[in-house]
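Got chain B sorted already, so can you dock chain F onto it with the hints?
Top line first, the protein sequences correspond to chains B and F.
Residues are numbered in our numbering as their position in the first sequence, beginning at 1, plus a constant of 30.
Residues are numbered in our numbering as their position in the second sequence, beginning at 1, plus a constant of 3.
Hint data in this document are derived by calculation from the structure and do not stem from the laboratory.
Backbone N, C-alpha and C define an ideal beta-carbon position, used for all residues, glycine too.
Be careful, since some hints might not be right.
As the list claims (entries may be wrong) - When the alpha-carbon atoms are kept at most 16 Å apart in a straight line, the in silico EDC-like pairs for lysine to aspartate or glutamate are as follows:
1. B/Lys63 to F/Asp134
2. F/Lys317 to B/Glu95
3. F/Lys56 to F/Asp29
Stated by the list, open to error - Quick look at which bits of chain B chain F covers, simulated, 3 or more residues with Cβ under 8 Å:
4. 59-67
5. 78-88
6. 93-101
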Amino acid sequence: MPTLRHRALLLPATLCALAALQGCSGGIQPWVKPYERDRLADPIMLWDRDAASSAFLDHVYESREGSRGGTGAAGGGCGCN
Amino acid sequence: MPQRRSLPGLVLLACSASAVAGVLPDDRADMFLSQYSGGGMHIDTADAKLQAKVTEDIGVEADYLIDKVSGASVDVLSQASVIKDERHQKSVSVTYIRDKTTYNIGFTNSAERDYISNTPHFTISQDMFGDLTTITLGFSSTRNRIGENNGTALVPNVAWVGTSQSHSYSFGLSQILTRNLIAGVTVDVITDAGYLQNPYRFVRYIDPTSGKGWSQGEQVYPDTRTSTAIEGRVKYYLPWRAAAALSYRYFTDTWGIRANTAEFDYTHPIRNVWIFEGRVRYYTQGHATFYSDLFEQANAQNFEARDKELAAYKDLTIGAKATYAFLPEGWKVFKRGTATVDVSRVDTKYSDFRNIKDYGEPQYKPGEEPFYQFDAMIYQFYVSMFF
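With the rest of the complex left out, here is chain B (with noise of 0.2 Å):
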């Protein structure tokens, strides 16, 4: 079980190693070229393409499930008494 102090060490370790990622990434072709990504452009292929809707669904989910997370959600309060 990790401590809150390695917690709290991870976020900047990740983004260190993010950075290093990146400086390598020079050396990467992209496969589907920037010109080729016109069908990955249309906002039918959005992973969300109304966030306000996306939040009220997922904060209906999590307030009324034992799970959490993974998706994205807005807090607080549910309404469930």
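Showing chain F alone in chain B's frame:
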């Protein structure tokens, strides 16, 4: 009033989703109305949201949401208690983009008369490998103050019973795999400490001296909890200009809850005027180790709970959504607008939480009452204006 969760840390990925691939999203204003009705509860929600670019690399977002709650769930109906309450949630955030990196910092406050929650949150996203990959890291810290209304719904008398804190650590990866396929993974670790139980709910235990054969006692929750959720998802662009998405989430926590969620979405546009969407979501959950619908005796164990959110159950959601695009040529400051209607139905069936309402004669024996189940309808309507 209620049972609610200290999870504003999950605001994180919602924020990160608003700035994709190093470009700020279009300026937009949303007016959102919704209604939830099911399980004895009726909740009306109104939400106003604004996101705008200040410069090419700095954006701001503000959101104000009001929940109006009335009714009472099955847990408190057994105690003849009905609630009426409002929740106000305010959020602000700032996004800054520098080259391939997106920073977002924000704050969310949620307040009811018996529950106050404050959450600062921070995310950082990095595009890499020719913008095929986006990695997002997030952190949030939430402080909650929990009260109990000892008065009535109309004349409240709130006593503050405890505080809790939670910390959320998020990791997200979005990956372009082919011209038609995109995939993503999200990992959320959330830790809680403090007063984590619902002050309005009770356990029940066998009591031969009671006329019903059972009596109620106080819930006792652990004062810490750590949970991990891992979700994987893919989205595929179909040859006839439509999209299909599939996701799966596994959840586990130190209270012994294990849950699985699977969802399928299909999106189908018609010209550039309509977008139709259908979805099916299936959720299944095992109960917490200290949960029981009926304990053998009073104070049977160190930790005891009968919150139905900690029980074993399954739910199935079927939803449909239609979006209509209007003002394609723009109007005054607006470039375009959309109007959306979304309807969902959620069927929930419990396998170890019993409905202990008064059935009249003959009474059920304790532990032989029918399992609880309910259906809920969720209606959403919102208008989005882009400028």
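Hints and how they fare:
no.: 1; hint: B/Lys63 to F/Asp134; result: 10 Å, holds
no.: 2; hint: F/Lys317 to B/Glu95; result: 10 Å, holds
no.: 3; hint: F/Lys56 to F/Asp29; result: 8 Å, holds
no.: 4; hint: 59-67; result: holds (count 7)
no.: 5; hint: 78-88; result: holds (count 11)
no.: 6; hint: 93-101; result: holds (count 9)
Violation of the numbered hints given earlier is absent; every hint is satisfied by the structure.
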